[in-house]
Each structure stands twice: as structure tokens, then as C-alpha cells.
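Asks: The chain contents come next:
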Amino acid sequence: MIENIFPALYILAAASFILAIKWMNSPVTARRGVIIGEIGMLLAVVGTLLRHEVVNYEWILIAFFVGSAIGVPIAYYMPMTAVPQRTAISHACGALASALIGTAEYYRRMPHGFVMGALILETLLGFLTCTASVMAFGKLQEILPTRPMTFRGQNFVNLGVFGFAVAIGVVLVFRPEQSYLYPIFMTLSLVFGVLLIVPIGGADMPTVIALLNSYAGLSAAAMGFALDNKLLIVAGALDGSSGFILSVIMCRAMNRSFTNVLFGAFGTIQSSVKQTTARPIRSASAEEAAEILDAARTVTVIPGYGMAVAQAQHKLREMYDVLTRRGVDVKFAIHPVAGRMPGHMNVLLAEADVPYDHLFEMDDINPEFPRTDVALVIGANDVVNPAARTDKTSPIAGMPILNACDARTVMVIKRSMSPGFAGIDNDLYYMEKTLMLFGDAKAFVSSIVKELNATVGAAH
Amino acid sequence: MTSYEIAIWVFMLAAFLGFELIRRVSPLLHTPLMSLTNAISAIAVVGAILITGEKEATMLTRTLGFIAVVASVTNVVSGYLITDRMLKMFKKRGPAHK
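If you're matching them up, the sequences are chains A and B in order.
Take the first sequence: its letter number 324 is residue 324 in our numbering, and every next letter is one higher.
Take the second sequence: its letter number 8 is residue 8 in our numbering, and every next letter is one higher.
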């Protein structure tokens, strides 16, 4: 009798996960989605703990305790700017879990045929995603250099390692008892994960993180096949398709293909091309910038990774408040690949209490730029480079950009004139209507706010 | 139908369902979406529990299972909590005193 309850619990859990993702489509229902997701997870875990195969609880309970002891502080004390790093680490953990479960299953049962095939797929994806995510973490945390690292014949070596891993995997599917092959297979998968991320640069992180998300999900789905567990298949398929769609969106936002992201090593070759003649630019002080902003009716802020690095989002909110109080219409234009992961800018601005109905997507805001008085670019570069639209030979040609150059006045807060990630000069900076505001994003916005407040004081 | 066939059917349908659902998620919420799906795929904890808790577990499989439970529970706990923490920050209008 009680045995019949467990399949029902799993079905309920799967339904909860589907609802959880469905409710993520709007910020209004999203928190409900998290709650139903938690309920689903609870049902699944309780259902599993009660199964008769599970007899030994001590280790499980200790593991629950240790996992929670690690997870809770991560969730509460991790600053929002570190969200990409946390995401990378959680992909690593998820992939590690499914790789280890697959390994344990292999040594326990030495399965044959279909199950062994699923198991090889699970462990291959699991191990490679695990080391790839750790590498991604290292790059995001800037423990490792964020520039792509390339060497001659890199793609050849990478594909060779991958091909070798797959070949051994296939042999194992047909001859599972050749257990000496398994450690080799495991090592090759781990090594391939590292090699995969070595040539990836910082600006490609949004795509890569989404792709790793997809792999981690597919690994869990493969585990579902190996264990004949439909709940795992459903959850893994949802995660896999989610990561896949996000990486497609990211690729499109850069007008590049998957292969180009993974094997293209963007941003290495181009760095020495241009920057020959020093062209004239106009720069301005915080005081002048404040005056211009104060006189404007519509201001569109374009944040980029530089805003996250400088942690300027809170100061930016103060500026938004002051300007809004003075009747200026302030909007935020978010490029899909701004930052280091999908949606990165939105989370940071939400953290700073910028209402989300003032955050606009690229396609919605672009037609409005010609009617915008001031476009204020903070820590973004390639995503506002007009060369993407005009220069066919540019490495970023065809990439959809935010049309900041259409605004009446453009202001760019930037540390120096050094070129952006793609290593290409940005014509926007040399336009007649552009004012360069040199300095740290946070410090500069903060002095603009001071100037704005000072003029309020003077008026009264 | 064999159980493998059923499993493949389930995967196919769930993948299409996933595509349809996720296409509708606003780019505004892409970061919380990723942490939520990550927490959901930590359902791997189910497989990990079965391996760790079974009677005939060897030292090797129990150790591997134990690490897998720790890793998945970390993801479950931090995934759901941080998603909620992020979503709490998304407000339609600024705080009332503005």
C-alpha cells in the first residue's frame, strides 16, 4: 500500500517543478514559483527517504547537514555582484553530483546496453561540466586571467581529447567489464572541461554559463535514464532546455554562433588592429554632467559590466531618485549580454531598488533613442559601438547594439580610453555630441549626485 | 513499450515543454531563472540518497554518494534561497518614501 505513494509523490514533484518555471514568466508570480519548487523538492526527498531500499540514514543526514551548512551562508551572504560566480559554482556542484552518482552506479552494477550508454553520457557531461564550471568560476573571480588563452593547434588538441573520451566511452558501453578504462575516461572528461574554458574570454561568459547550465541539466536527465527515474528526466530536461534557450539568446545578442563562441577565442586577434591616430575627444567634469542631466527631459542609462565592477548601482539609484524628483524621465536600457551572465544587470539594479518597470530591453528602447536627450553609458562599451551597424569589417559587425549614438547627447563614464573587451575602438567616443566622463563609475556618479543636490540647495 | 521507450518519450515531451515555458520568461528574470532551474536539477539528490542509503553500499559507493548528497543539498538550499532573495528585490515602484 505505502509503496504506491512514492510514484505519486514523484509525479506531484514533477508537476510542481513545471509550475515553478511557468510562474517565473513574471516578477509578480515568480516568488510563488520558488515556493512551489521548494514543495516539489521536499516531496521528492521525503518520497525517496521513505523508500524501502534506503536503510542507512546516518550518512544521508550528515550530508544534509553539511550541504545546508554550506548552502545557507552562500545564499544569504553572497553579494549580488558575485551572482555569476555562485552560478558557476552551483553548476559545478550539480554536475559533480551527477558524475559521482554515475560513477558509483557503474562500480555497483556494471550495467549493460542502454543503461550503460545513459551512464556514460551522464558521467561525460557531469565531469566536463564540473571542471569547466570551476574554470569559469576562476575567470569570473579573476583568479585566472579573463582574457582568452590560446595556443597553436588548440582546437585540434581539444577535439582530440574530446574524441578520445567519447571513443573510450563507446568501448565501455559495449564492454563495461573493462573497468581499467573507466578512470581514463573520467580523466579525459575532466581535462576536456578545463580545455573548453581556457580560450573563453570574459565577454563570452553569459553564453558559456548558460551552456554549462544546459549540460548540467542534461547530465541529470541522463541520470534519469540510467536509474529509470522519470522525475529526474523531467527536471533534467527542463534545466537542459532552459540553459540551451538562454545560450541561444546570448549568441543571437552577439550575432555569433555556438561554434564561434566555443572555438573562436573572441578578443585576442583584434586587439592590435586599430588605434593608430589619436582622434580628438571632448571630456567633461561632474559639474557639467550634472547640469546637462538636470536640463534634460529624458535620460536613458546604459549599464555594463563596468558598473558591476565599480559597484555603482546604488549611487546610480540615488542619481535616478534625484533626477526623477526633478521631473526627469529616467530609463535603463539593458543589453542581453551586458554583464557576465544572462540578466546580470537587472539583478544588480533591482538590488539597488530601481523599479523593474524602468528597465527596458533592447528592442523596446532602441526606437526611443532619437527622442532621448541624454544617453548615459556606464561601464558598457561594445554593446553601444556603432561600428556594429556601420562597419562591415568590424569584428562585432552585425551584433545588435543599443543605439546610444542616436540620442541628442551621449555621456560615457569610463576609466580611460582603453578599448573594450573586443579590443576595438568605439566611434561613439569621438562623436561631436559625446562627452567623456573619465573616472571610476561609482565615484563619478556619486559626484554627479552631489552636484545635483548642491544646485537644489542653491535654488532654495 | 519498454521502460526505455517511455523514458525517451518523457524526455522529449519535457524538453519541448521546457522550451515553451522558458521562451516566455522575461529577460528581466534570466538570472533568477537560472538559479531556480539549477536548484530544480539538484533533484539529483534523489539518486544520491538511493546510493548512499542502500544496504549493500561499499565504502567506495557510499563515499561517492555522500559527496553527491552534500553537493546536491548545497545546490538545493542555496539555489532556492538565493532565487527568493533575488526575486524579493524586484519591485515595481521604488520604496514609498520617494
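One or more hints might be untrue.
[As the list claims (entries may be wrong)] Simulated DEER-style distance windows between Cβ atoms:
| no. | chain 1 | residue 1 | chain 2 | residue 2 | range |
| --- | --- | --- | --- | --- | --- |
| 1 | B | 12 | A | 50 | 36 to 46 Å |
| 2 | B | 4 | A | 177 | 35 to 45 Å |
| 3 | B | 9 | A | 431 | 36 to 46 Å |
| 4 | B | 55 | A | 65 | 16 to 26 Å |
| 5 | A | 112 | B | 24 | 33 to 43 Å |
| 6 | A | 110 | B | 55 | 10 to 20 Å |
| 7 | B | 12 | A | 55 | 18 to 28 Å |
Quick caveat, the hints were computed from the structure, so don't treat them as lab data.
Please read these numbers as outputs of a predicted model, since none were measured by experiment.
Heads up, the beta-carbon is just placed ideally off N, CA and C, and yes, glycines get one too.
Asks: Please go over all the hints and tell whether each is borne out by the structure.
Replies: Each hint, compared with the structure:
{"no.": "1", "hint": "B:12 x A:50: 36 to 46 Å", "verdict": "violated (30 Å)"}
{"no.": "2", "hint": "B:4 x A:177: 35 to 45 Å", "verdict": "violated (22 Å)"}
{"no.": "3", "hint": "B:9 x A:431: 36 to 46 Å", "verdict": "violated (57 Å)"}
{"no.": "4", "hint": "B:55 x A:65: 16 to 26 Å", "verdict": "holds (22 Å)"}
{"no.": "5", "hint": "A:112 x B:24: 33 to 43 Å", "verdict": "holds (41 Å)"}
{"no.": "6", "hint": "A:110 x B:55: 10 to 20 Å", "verdict": "holds (19 Å)"}
{"no.": "7", "hint": "B:12 x A:55: 18 to 28 Å", "verdict": "violated (35 Å)"}
Violated hints, in rising order: 1, 2, 3 and 7; the structure is consistent with all others.
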